[in-house]
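Given next are the chains, with one letter for each unit.
There are 4 protein chains.
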Amino acid sequence: MSGNIPGLATDAVLKESIPVPDNFEEVKGIDYSNPESRNSKAKFLVNSMKTMGFQASSVSKACDIINEMRSWRGKNISELEDHEKKGEFDDEGFQKTTIFMGFTSNLISSGLRDTLRYLVQHKMVSAIVSTAGGIEEDLIKCLAPTYMGEFSLPGKDLRDKGMNRIGNLIVPNDNYCKFEEWIVPILDTMLEEQEQFAKEKGADCLDNDVPFWTPSRMIDRFGKEINDESSVLYWAHKNKIPIFCPAITDGSIGDMLFFHTFKASPKQIRLDIVQDIRRINSLSMEASKAGMLILGGGLIKHHICNACLMRNGADYAVFINTGQEFDGSDAGARPDEAVSWGKIKAEAKSVKVYTDVTIVWPLIVAATFASDESDFDEKK
Amino acid sequence: MSGNIPGLATDAVLKESIPVPDNFEEVKGIDYSNPESRNSKAKFLVNSMKTMGFQASSVSKACDIINEMRSWRGKNISELEDHEKKGEFDDEGFQKTTIFMGFTSNLISSGLRDTLRYLVQHKMVSAIVSTAGGIEEDLIKCLAPTYMGEFSLPGKDLRDKGMNRIGNLIVPNDNYCKFEEWIVPILDTMLEEQEQFAKEKGADCLDNDVPFWTPSRMIDRFGKEINDESSVLYWAHKNKIPIFCPAITDGSIGDMLFFHTFKASPKQIRLDIVQDIRRINSLSMEASKAGMLILGGGLIKHHICNACLMRNGADYAVFINTGQEFDGSDAGARPDEAVSWGKIKAEAKSVKVYTDVTIVWPLIVAATFASDESDFDEKK
Amino acid sequence: MSGNIPGLATDAVLKESIPVPDNFEEVKGIDYSNPESRNSKAKFLVNSMKTMGFQASSVSKACDIINEMRSWRGKNISELEDHEKKGEFDDEGFQKTTIFMGFTSNLISSGLRDTLRYLVQHKMVSAIVSTAGGIEEDLIKCLAPTYMGEFSLPGKDLRDKGMNRIGNLIVPNDNYCKFEEWIVPILDTMLEEQEQFAKEKGADCLDNDVPFWTPSRMIDRFGKEINDESSVLYWAHKNKIPIFCPAITDGSIGDMLFFHTFKASPKQIRLDIVQDIRRINSLSMEASKAGMLILGGGLIKHHICNACLMRNGADYAVFINTGQEFDGSDAGARPDEAVSWGKIKAEAKSVKVYTDVTIVWPLIVAATFASDESDFDEKK
Amino acid sequence: MSGNIPGLATDAVLKESIPVPDNFEEVKGIDYSNPESRNSKAKFLVNSMKTMGFQASSVSKACDIINEMRSWRGKNISELEDHEKKGEFDDEGFQKTTIFMGFTSNLISSGLRDTLRYLVQHKMVSAIVSTAGGIEEDLIKCLAPTYMGEFSLPGKDLRDKGMNRIGNLIVPNDNYCKFEEWIVPILDTMLEEQEQFAKEKGADCLDNDVPFWTPSRMIDRFGKEINDESSVLYWAHKNKIPIFCPAITDGSIGDMLFFHTFKASPKQIRLDIVQDIRRINSLSMEASKAGMLILGGGLIKHHICNACLMRNGADYAVFINTGQEFDGSDAGARPDEAVSWGKIKAEAKSVKVYTDVTIVWPLIVAATFASDESDFDEKK
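Respectively, the protein sequence lines represent chains A, B, C and D. Reminder that position 163 of the first sequence reads as 163 in our numbering, one-by-one numbering, no gaps. Reminder that position 246 of the second sequence reads as 246 in our numbering, one-by-one numbering, no gaps. Reminder that position 303 of the third sequence reads as 303 in our numbering, one-by-one numbering, no gaps. Reminder that position 23 of the fourth sequence reads as 23 in our numbering, one-by-one numbering, no gaps.
Do not rely on the hints blindly, as some may be mistaken.
Identical copies go unnamed one by one, so any copy, or any two together, can satisfy a pair.
Said to hold, decoys possible - Straight-line alpha carbon distances no greater than 27 Å define the calculated DSS-like cross-link-like pairs of lysine-lysine that follow: (1) K201 with K161; (2) K86 with K349; (3) K267 with K349; (4) K178 with K75; (5) K75 with K161; (6) K50 with K61.
Honestly, the hints are just simulated from the structure, not real lab data.
Take the sequences, apply the hints, and build the full model.
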């Protein structure tokens with residue numbers, strides 16, 4: 001082999017680049033010469049992550065989008081025509097963003113429940129979508145705790161002991177027995193109420209304006225009945241924040257409703273999902289601006305995105321989950337896929353953070369929704 | 001450093017192992033000295049994968065479990081008491097496995113729809129659970145095609161053109177306009193029928209025994225109306241295979257139902273999900289043996305598992321999806337988590353294959369459900 | 001709520017799409033009316049997957065790219081100037097593609113080893129990159145088998161028994177003891193040879209043209225010594241296919257070399273990695289066309305890509321692994337990231353298949369490298 | 001259907017559980033009634049995550065393990081026999097943990113470089129393993145910046161502009177041209193030094209005790225030459241922390257070495273990897289306790305684990321990466337797999353956090369290595 005450096009290789013390796021555009025932002029990390037870097041606060045950390053790249057940057061961008069969706073203000077209600085007086089308003093009467101938050105069942109099983117409850121308690125979100133477990137585990141935790149476990153605990157041993165595993169968490173099956181005791185009288189009352197209006201309305205009992213049971217109405221009732229300040233549902237009821245759960249039968253509540261059909265036969269509670277799709281879609285259409293906080297994937301993600309199609313797209317979107325796009329799942333789809341459907345506006349601010357929600361949501365909330373140290377007293 | 005080999009290290013590195021137990025199976029792969037290895041058939045390939053390890057072995061195990069759940073036979077119906085005459089029977093009257101198949105919406109969007117339809121057409125499954133897209137995309141494909149695209153196509157351009165992206169697939173929005181034209185008259189008729197029985201029954205119109213609209217009943221009607229042999233729903237209707245979809249409002253059908261509530265107001269179609277949970281749970285309890293084929297994650301996985309809790313666990317379970325357990329999601333949970341809940345029996349045969357379903361389901365079906373070359377004629 | 005369908009929503013939902021371009025390809029799956037669909041052959045299956053979408057399409061595209069890289073032919077050697085007579089040629093003297101194949105260690109531990117060996121045995125690849133385990137496990141399997149295990153086997157029990165786990169595989173530690181017995185005499189000889197040329201050359205013993213030990217030269221020696229037709233290394237030696245492994249010390253071979261430094265002290269085998277980077281880069285520069293088959297991620301992926309930068313990009317690239325791009329890893333990078341670096345040509349044919357390699361490589365090979373049923377005899 | 005609740009189902013659903021063991025820990029999250037929850041500090045956050053479950057708990061456990069490995073102290077050096085005076089000692093002469101930190105190349109490209117440098121600057125780790133990019137990008141960043149980009153930027157456009165993409169980061173190719181200018185004179189000097197000792201030693205120039213170039217020695221030289229306080233390599237040189245990189249030719253340094261073989265021919269720098277395996281393994285054997293911090297997967301993970309086999313296992317292990325075990329990769333293997341190999345002790349404290357490192361490492365460091373607010377001044 002000769003002593004000449006091969007030109008083909010040097011041309012490829014040492015190819016010149018164009019001048020770096022002025023608007024390029026340098027990658028840099030935490031400045032450890034700053035005393036604030038020690039045991040740093042959430043906002044310092046998140047701000048430092050902005051120029052770190054990879055998912056650190058995405059976390060920082062998620063915080064920016066959340067801050068923007070929370071701080072947006074439109075016209076004052078006094079300036080609006082009557083038919084425009086809809087959507088969310090702040091205390092001074094200015095239009096603000098309608099925020100749809102979706103979370104999967106497992107997040108309520110986890111300690112994130114306290115963070116989710118904090119957001120609902122302080123009216124920081126406008127509407128919620130969850131799956132069945134996200135409803136029932138919130139209630140059950142008011143009756144008995146969930147415990148820490150391990151991902152590797154063998155299923156047979158656990159079943160023998162009546163211990164149910166959710167990832168690295170354990171829920172004793174007695175919790176579900178307690179839940180049954182709690183819910184059956186409520187279901188009885190719900191059935192009575194249904195019968196009552198059926199008797200009153202007769203053949204018209206299926207009309208639009210009848211207070212027919214829907215998942216969101218049932219959840220609101222549960223929130224009222226549980227009457228426990230640790231509960232997401234309690235505060236949603238208090239603060240009139242609707243919780244949607246079209247497949248509410250897919251879990252323990254479904255088991256209880258199933259048993260109840262035998263107990264109540266030939267009567268049966270009916271849960272209508274058409275009225276609820278009208279309700280969530282209407283919230284989307286009425287919103288001045290719409291923001292999405294999607295924690296997890298599957299139904300809760302698609303349902304909020306689909307509702308936002310009714311307004312030709314959300315204005316802000318934060319997705320956090322572990323789904324990947326390569327399998328064509330909606331769970332794994334990037335925000336840009338939702339843009340193609342008109343579920344997110346082309347000009348919207350959006351980001352997807354690829355991670356387990358529990359890792360990052362406490363930090364994000366500490367740097368956004370729960371960032372203001374001065375107003376602690378009034379938040380109590 | 002001295003010339004002596006360090007004993008600490010050699011003891012650790014050269015630690016002796018116990019004798020290899022007799023039942024240990026050697027890892028080995030394809031025997032390329034066998035002419036069958038060339039352009040090999042599905043069964044040869046899958047059999048060779050059994051001892052390959054990693055997910056190759058899991059694919060092979062999935063085939064074994066499918067073959068076992070399909071071939072199991074119990075008593076003849078003539079030997080059974082009347083109250084035992086439930087569940088599935090083969091043509092000679094022997095008990096067989098009730099097979100619950102769940103698939104996510106995206107699989108119907110993909111070319112797997114033909115494979116799923118094949119299974120339904122030939123009565124190879126007993127009940128189905130899907131999400132809204134899994135219902136409506138099957139119908140829409142009878143009206144207009146879905147097309148190949150790219151994961152990287154920009155959302156804004158697509159929206160401008162009215163082209164919706166699902167992973168690397170494209171659905172023109174006109175398809176949904178055609179779907180609206182098709183479905184509105186059917187919804188009108190469904191509402192009429194609902195009004196009819198409400199008039200007849202009056203206050204009793206909510207009772208158990210009323211043919212109230214449920215997702216599964218609506219889907220069956222759609223299958224009848226579409227009347228197209230390429231459709232999963234068509235064959236499900238023909239073969240009386242129920243399709244469950246508790247959140248059927250979460251997609252285009254929901255959009256259409258939403259619009260219909262305005263058109264029909266104050267009337268409104270009601271879709272009850274309580275009756276459907278009773279229906280799927282009953283199928284589980286009546287089954288002689290229960291098998292699960294879970295293609296994807298989320299609702300469709302949880303719903304079938306939950307139904308199988310009613311019988312204290314499925315006997316066979318095949319999970320195929322890309323979910324991981326580390327985030328505590330049900331989507332990512334291993335079969336052993338379902339064992340802890342009593343959703344899969346401790347002694348059941350189960351496997352999870354970690355992959356996009358489209359990669360592996362065609363091969364698995366070719367090696368199991370569609371493996372018999374001799375009986376092609378009668379299958380037509 | 002009024003009876004008028006909201007225009008905002010209908011405009012968004014029923015947005016018209018542009019006419020479907022003529023070149024759009026319909027999504028469709030397997031045609032089960034075709035008898036070939038029963039227990040179907042690999043090529044039928046892969047061809048049917050082309051229009052299925054998601055990763056099924058990617059598998060089919062991978063096969064197309066492999067077929068194209070294998071069938072490409074350039075000029076005949078008789079037409080070339082002397083300095084152009086480099087790269088790979090077929091038996092008739094026509095230029096063909098230089099194929100770089102990379103695979104991670106675990107694939108040799110798995111049953112895929114037989115498939116990888118088949119490719120090397122029949123000279124279907126031109127050069128290989130692997131990691132240390134990919135070298136030593138091939139040798140060790142000639143001495144004692146690897147066994148099937150389970151992902152969930154507890155580590156402590158296994159260590160007590162001297163059983164090492166690789167995913168769902170088990171390697172008894174005695175295998176490594178046997179490996180030590182096999183390798184020590186070879187290392188002794190290698191050291192002698194090194195001393196010999198050092199004595200001969202004196203101060204010039206570090207020059208370019210000295211047969212200094214490098215990972216690829218050591219691997220070639222091992223391939224010769226193992227003398228076993230089941231071995232990848234054996235056939236690589238036989239067929240003069242270089243195997244590169246810059247970090248060959250990172251595993252059992254490294255352990256043995258470490259021990260050997262004590263035994264041989266003050267002498268020591270030296271393994272130079274500079275000569276090997278010159279060797280692999282030269283192969284890339286000399287190639288008429290370059291193709292990449294990347295099975296897994298990490299070093300083996302980056303090393304082949306980096307070598308292809310020396311020719312301003314590969315012409316064909318197939319990546320198969322489970323890495324995701326969101327963490328900014330090279331393992332997870334899409335081919336398009338390599339295009340930005342000049343490691344893959346902008347006009348190259350490339351695809352990434354997102355899956356465990358063991359699921360899909362047997363099928364891909366059956367449909368490409370091992371697809372020709374007619375030429376079985378001569379392949380023996 | 002009768003009015004009796006089915007016993008099979010109620011028995012399964014309402015199965016009693018054993019009493020909850022006393023040592024069970026309740027799942028709970030952040031206490032938002034605590035003012036510290038607002039814009040919370042890293043330690044508060046991480047402590048609150050301990051009982052959240054899923055990966056939040058794993059992050060908290062990682063911090064506990066790090067604190068434990070950092071605070072462990074053994075005997076005082078004055079109590080030890082001469083042959084025991086090895087491993088790491090604190091300023092008072094007490095034995096402390098030898099901490100091996102591995103990180104992948106992309107983390108140096110990201111803003112995490114500042115965090116990694118902080119750890120090296122303050123001697124918080126004992127030895128480092130990285131891949132080629134982890135070495136060269138640290139040096140290159142001293143010459144010119146890396147910039148923020150997007151994952152979706154098209155490769156062809158970037159190549160035309162000479163802009164290289166690493167996930168969502170951009171490195172102008174001119175940076176590599178600057179790197180070439182910087183490194184060539186250093187390589188020239190290194191070659192001169194090599195020639196010098198070869199001349200002096202003659203045939204003995206390959207012996208153990210010759211300062212032959214190895215990756216770790218070359219990296220140390222680079223750290224000295226770069227002489228820049230922003231650099232990881234600079235501080236590693238200053239603080240005598242070895243950096244191992246067996247495959248250092250796999251990147252831009254390899255390109256430069258490749259070119260240099262032509263320039264210097266017939267002379268050639270030789271880089272020996274056998275001496276380096278002896279060096280890292282010796283560090284492991286000499287350690288009083290060994291801890292592993294593995295940031296990413298692939299070579300850097302395996303190399304540290306393998307070194308720890310030489311001591312029959314690490315005492316502490318923290319893995320953070322996105323790898324999954326299902327494909328049998330070492331990258332995705334859980335710590336328990338390393339236990340089976342003797343690379344982690346059975347009684348060691350270990351955890352794997354499943355996430356992109358950039359999301360979580362800044363928080364972890366803020367809550368551990370950089371948690372002490374009081375000692376800021378002395379840390380400057």
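Now for the hints, and whether the structure bears them out:
1. K201 with K161: Neither, since 49 Å and 48 Å both go past 27 Å.
2. K86 with K349: Within one copy only: 23 Å inside a chain, 53 Å across chains, cut-off 27 Å.
3. K267 with K349: Answer is neither; intra-copy 49 Å and inter-copy 39 Å both fail.
4. K178 with K75: neither (49 Å within a copy, 39 Å between copies)
5. K75 with K161: neither (59 Å within a copy, 33 Å between copies)
6. K50 with K61: both (7 Å within a copy, 26 Å between copies)
In this structure, the hints that do not hold are numbers 1, 3, 4, 5, in rising order.
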